Amino acid sequence: MTVATLSDYAARIEALAHDLGLVHDPVEFELVPENFMMEISVYGLPVRMPHWSFGVRYIHQLIRRSMGHSRIFEVMFPGDPCHAFLVDGNTLAENVLVTAHVLGHADFARNNELFARSMRMAGGHILEQSAARAHRIDAAVGAHGLDRVEAVLDAALALEAHIDVTRELHRPPYSTAAPGPEPATDENAFRRRYRDLPGEPRRAGRAEAPLRLAIPPHPETDLLWFIAHYAPELDGWERDIFLAVREESFYFHPVFACQIMNEGWASYWHARLLREAHFLPQDLYVSAIKAHSDVVRPYAADRQLSLAVNPYHLGFSIWERIVESEGLETARRICRDEDDFGFVRNHLDRELAEKLDLFVYEANPRDGIRIATKDIHAVREAILAPKFNYGVPRIAATKLDADGGLVLVHDHAADGRGLDLDRARRVLGYLGRAWRRPVTLVTVGEGGRERELAYRPK
Amino acid sequence: MTSRMRIGAETSWYELFSRGGRDWLRHNEKVREAVRDNLLDLISAPDMITHPGERTVRVPVRLLEHARFRLADPASQRGAGQGKAGVGDVLQPGGPEPAEGAEGGGEQGEVKLLVELRIDDIVDWLWDELELPDLQARPRAGIDVSETVREGTGRRGPRARLDRRRTVKEAVKRRAIQPNPVPFTDDDLRFHQLAQRPITAINAVVLFALDASGSMGDAERRLAKTFFFFALQGIRRQYRRVETRFIAHTTQAWEFPEAEFFQVTGTGGTAASAAFAHALALVREHYDPAQYNGYLYYASDGENAFDDRSAAAARLGELARLLNYVGYLETRPGMQRLAATEMSDVFAALAAGGAAVGHQVVREQRDLWQALRRFFVARAGEPDDL
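Quick note, the sequences are listed as chains F and G, same order. Those letters in the first sequence? Residues 1 to 458, per the working numbering, in order. Those letters in the second sequence? Residues 459 to 844, per the working numbering, in order.
Hints were generated in silico from the structure; no laboratory data involved. No false leads were slipped in.
Below, computed lysine-lysine pairings styled on BS3-like, alpha-carbon distance capped at 25 Å: (1) G:Lys-488 / F:Lys-458; (2) F:Lys-355 / F:Lys-387; (3) F:Lys-374 / G:Lys-542; (4) F:Lys-374 / F:Lys-387; (5) F:Lys-355 / F:Lys-374; (6) F:Lys-290 / G:Lys-542; (7) F:Lys-355 / F:Lys-290; (8) G:Lys-542 / F:Lys-355; (9) F:Lys-458 / F:Lys-399.
Owing to the predicted nature of the structure, the values given are computational and were not obtained by experimental measurement.
Given only the sequences and the hints, what does the whole structure look like? Please build it.
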């Protein structure tokens, strides 16, 4: 495969895509060795901060690859320009397919409101910025030693997804003035009147009329931001690390929140572009379509069934139907307005779920694995369950004690159950070592009884 | 319209480093640290000292997990799947064994490393970690021991020491320059020669003595056992052959095989002199100080009958003269304040008199490393700078 041939086909596919209405920011493609590709997928970015946990993922990926389970075709980073990576050892047909796929992603990223907002907040040069951050962290290792930097990264990366994406990336600190606009958001006039009713418990502390506003003024779910700004003992470079992880986490969020839509959209377009690219030689088209059906399929060829739903296949199937029944204009509007929640709930209907043989299974040691239901609501929620709240339990910082102690509260009522206590304890350990003051976490344990985990610095 | 795409292949810089590999090595370093922190549990098998088996321990090590907050596992996992199946179909029957793959498709299968550690390596780590010096065999000053060794060849000697190889060589050389050679002449014969050389003792004997009176509880014994193990490993590093003897005592002393040694519990009083007398007898009978580097390690909680003091001191003094070193480990688990004990007084007095003895008090496992270090530093004859 030569770069020249690929460039030639790619340019003609791009022209075709423009004719069909795709709009995208410039895309820089890079052909890279397979090993590098694997590292990009492990780290999430081409150049990223070092951490031993990436090493573990790397080995898992190596093992999967050596067992033939995992092939990575492309990784695409939205931005201006977008960056896409292809494997230089893949066939021309595969890379032509991937080029078309990436154009679908680029169109989606420009059109979708979550991506657009992320780009407005972070700018279009996230790869360069994350590389610069990685260099700063390398420098910190030189200045402060690996152990100290690693301790901060242990905490920051463990809390990676604990951000509040509804707020700004560059968010000002809490207003220190008397009751600012923040408490008003979760305390409306109705709540206030309700609380003033006879028989409601008086709120402690109200009477003393504190001069300073309590920190945080409301439960704060953006833990990385809160730690970076309000931890009593962090050095500047440590705060930088928390903010670096947070910034990358904001960047990853749209990809996470729109995975089914985005992969489906890109798959829809690579299939369509190739079908309509009459300039491609017949055998190349056939090989490319074979690559397509290896990726966009519900389950492995030697299986009848899968205990997971392939987002490529699900998204592809939903988009195909939307475009067919409601037209491309509607599809583009959905691209702009929805994320996976709206996409699956509004557009995966009973008929399609039946056609795709979707089901909900239940697994436990006693009964084994059993098909529980095919009810459409249950199917949708089972698909979406891992996506709530960026995939992590809802944990908020609720209090900063006078001694600098931090209180975290898990919203177990919203999550439906308590935390995995062993892991929670370990995360608390990471966090406590960075925070250097007592840290307490409230959740529920077995039988719904309240459990309080505590970290006390030595 | 102009293309908004560019395709390049400029990643030669990549070959210079692999970040995945670098972070994997860092992970392995952390595994190694974790294993080292748990060494004490690895060597808790009952016959570890005399039968370290293959002299390796296999430690299954999970890859380290970078913990994240996550919800507790529910009684039943629910997930979405796809394929031809009807409601109520059982895809995999339940049973006593947890169903493999019940986690659904998204989970990573667990990968375990089976780390095989050689005891020697573990001991090497410890030595590196504790910066322990290597021991010197005791100089055999004043003891005239030599052995007869083969050294060189000569033209004369008894037939039994004929050096065939050299003899043939000589014959070949001679035949090469003679016109009509005969196969062998008497001049061709070469014989191994013997010489008397002074030797250093390369064997060692380690005597372990343990106070088996009722006051030695499980915690005390565990401390003693762990200490004995590592002390022995340290000595094994230095000598080709190490013998071990195990002596337990109350008011009397008995010898035991190792497997029973740590289980032995006696009743009644404590008279350490009985154990020292037994040790003395063993040394005199089997372990000639001229041929053996002898070590005695004694562990007790410090109690000893008051009227046994002079007997114990006398025998210890004698042992210290015959052996390379006598070490005393006082196990006082959980003690906050440490008053001098009967036994530590005895050792302190001997040490003050210049005898090759030392004593250390340990309260918990962590103290053992310090104690080991002090014993070994003292025995290597270096100044104890701790």
